[in-house]
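Engineer: Here are the chains, one letter per residue:
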Amino acid sequence: MNSQLILQLLIGGAIGIGAGYLGAFLILRRMALVGDALSHVALPGLAVALLFGFNPFIGAFTALFIAIVGIWILERKTNLPSEALVGIFFTIALALGILLTPEPELLEALFGSIGNVAHLDLYITLPTVALVIIALKLISKPLTLSTISKELTQSMKVPVNTINFIFLLLVAVIVALGIKVTGTLLMGALVIIPAAAARNISRTFSSYVFMSAILGGVAAISGITIAYHYSFAPGPLVVLSGGVLFLVSLLFKQ
Amino acid sequence: MESASPILKVNNLAVTLDGQKILYDISFDLNRGDTVAIVGPNGAGKSVLFRALLGLVPYTGTATWAKDIKINYIPQRFTIDRDFPLTVREFLQFKTKNHHAIFDALRSVGITDEHHINHHLLNQRLGWLSGGQIQRVLIAWAIIDRPDVILFDEPTAGIDVGGEETIYHLIKKLQDEKDLTIFIISHDLNVVYKHATSVLCLNKDMICYGAPAEALDPSALKALYGEATFFTHHHSK
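Protein chains in written order, with our numbering: chain H, 3 to 256; chain A, -14 to 222.
For reference, chain H alone in the conformation it holds in the complex:
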């Protein structure tokens, strides 16, 4: 195995694990499509980063951060359902991003560019994913409880809105990282599919979140490996690997 593949697998695997773990909560909260649509918002940020030559992760994260704060505020100030807000803003962002992104980089931005990662990406990715997982673990209890009953959780003096906001920030971080692996169009799959598969095969909460993280890692690693050996684009293969895992999980549905 050459070192470039190892680098890809390390970065891709870590992002897969982080995305799977985060996705477990996203699915429970019925926010699967938010995760999907959010990834499109990253594109204009990515485009600006490419145009001005700074780190794409920073660009993507900034765009996502603005979108998340916007949605969070609009949801509280208006009565528009968040799906509608997501539908409006995120398609606009995608359109804007497609226009702004320089032609040669557009395909990579849309479908991922794990093929040309560098060591710097590893140094950004590993600690960031670790931080996201630790943060999620810390807010896991109120996050889960408020999914079942917001009122019950509030009555325990938990600042539910703050917890939600932190969660959305973590979504932004993972999506911004994951764009490297699957691109903006397919990133949603990396958070949704492992969790959906894990939900099929788990009865307890602890096995659900654990399996979701594992399946995310497995999807990323197997997709990248196959793509590398057969010279395909890695992003779509990561998503397809996840799809296969999901189909298999249906056979073991609890």
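Simulated from the structure, these hints should not be mistaken for laboratory data. Do not rely on the hints blindly, as some may be mistaken.
Stated by the list, open to error - Only pairs whose alpha carbons sit at most 20 Å apart, straight line, appear in this in silico PhoX-like list of lysine-lysine:
1) A:Lys80 with H:Lys159
2) H:Lys139 with A:Lys80
3) H:Lys79 with H:Lys152
4) H:Lys159 with A:Lys55
5) A:Lys80 with H:Lys143
Said to hold, decoys possible - Reference listing, derived: stretches of chain A covered by chain H, where coverage requires no fewer than 3 residues with Cβ under 8 Å from a Cβ of chain H:
6) 36 to 45
7) 48 to 60
8) 66 to 73
Stated by the list, open to error - Just so you have them, the derived chain A footprint on chain H, three or more residues with Cβ under 8 Å:
9) 136 to 148
10) 205 to 217
11) 223 to 231
Glycine is no exception: its CB is placed at the ideal position from the N, C-alpha and C atoms.
Got chain H; can you put chain A on it based on the hints?
Structural biologist: Using the frame of chain H, we list chain A on its own:
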């Protein structure tokens, strides 16, 4: 009703949400060990009163709890998907990891069979339980950390009549055993007569407060439920 130190003093409480008066002119005292039933038609603001007492919605006036009081709340809407991956054990462990405390709480709500608890109930998904079972687990959850006060929002919603009767007996039993003060929203006036030490009638403003037999007079019932309503003691089968 007089006591040196009420556990809760409510004075002139009012709640306005989105420019709409939801509650106004609410004043009453609550003593330790009381069971207060809140009755009133739909939209009377019963749940909002709970949320105000918990400090979850802004209000004017005062609602002062005695010092160092632990209040637990069981909300009305508690729907969990059947395939939500969370076992009863994991749910109760959100409150305490102490196995004995979990056991004690389950025993207090009438689930005593140790084998059943260990091998079935605790490993069961919360969403697979029946309405009555979920209610018991929720009550166990509410008493597990030894509160002084429990606010129940319609503990019988979604439970068949037979089960309803036992839930109230259970609440009564818990109150006797654990020196609890209980606030309960109920639709069933029959239950109110049987179990509550006092009743608070609510239809946006406070219509009556006092012992059920005195407070729930015909004029109060009329103000609550309108002209056509009359009250009969109906007994569950």
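Engineer: Evaluate each hint against the coordinates.
Structural biologist: Checked hints:
1. The straight-line distance between the Cα atoms of A:Lys80 and H:Lys159 is roughly 13 Å, inside the 20 Å bound, and the hint therefore holds.
2. Under the criterion of a C-alpha separation no larger than 20 Å, the hint pairing H:Lys139 with A:Lys80 is consistent with the structure, at around 16 Å.
3. Taking the CA atoms of H:Lys79 and H:Lys152, the gap is about 19 Å. The hint holds against a cut of 20 Å.
4. Proposed proximity of H:Lys159 and A:Lys55 is supported: the alpha carbons are some 11 Å apart, at most 20 Å.
5. Our distance criterion of 20 Å between C-alpha atoms is met by A:Lys80 and H:Lys143, whose separation comes to about 10 Å.
6. Using a Cβ-Cβ cut-off of 8 Å, 3 residues of the region 36 to 45 of chain A lie near chain H, which meets the minimum of three, so the contact claim holds.
7. A count of 5 residues in the region 48 to 60 of chain A with a Cβ less than 8 Å from any Cβ of chain H is obtained; the coverage claim is therefore met, three being the minimum.
8. Residues of the region 66 to 73 of chain A lying with their CB closer than 8 Å to a CB of chain H number 5, which satisfies the three-residue condition for coverage.
9. Proximity of the region 136 to 148 of chain H to chain A, defined as three or more residues with a beta carbon under 8 Å from a beta carbon of that chain, is established by the 3 residues found.
10. Coverage of a stretch by a chain is defined here by at least three residues with a beta carbon nearer than 8 Å to that chain's beta carbons; for the region 205 to 217 of chain H and chain A the count is 6, and the condition holds.
11. Chain A is given as covering the region 223 to 231 of chain H, and this is violated because 0 residues of the stretch bring a CB closer than 8 Å to a CB of that chain, at least three being needed.
Comparing the model with each earlier hint shows a violation of hint 11 alone; every other hint is respected.
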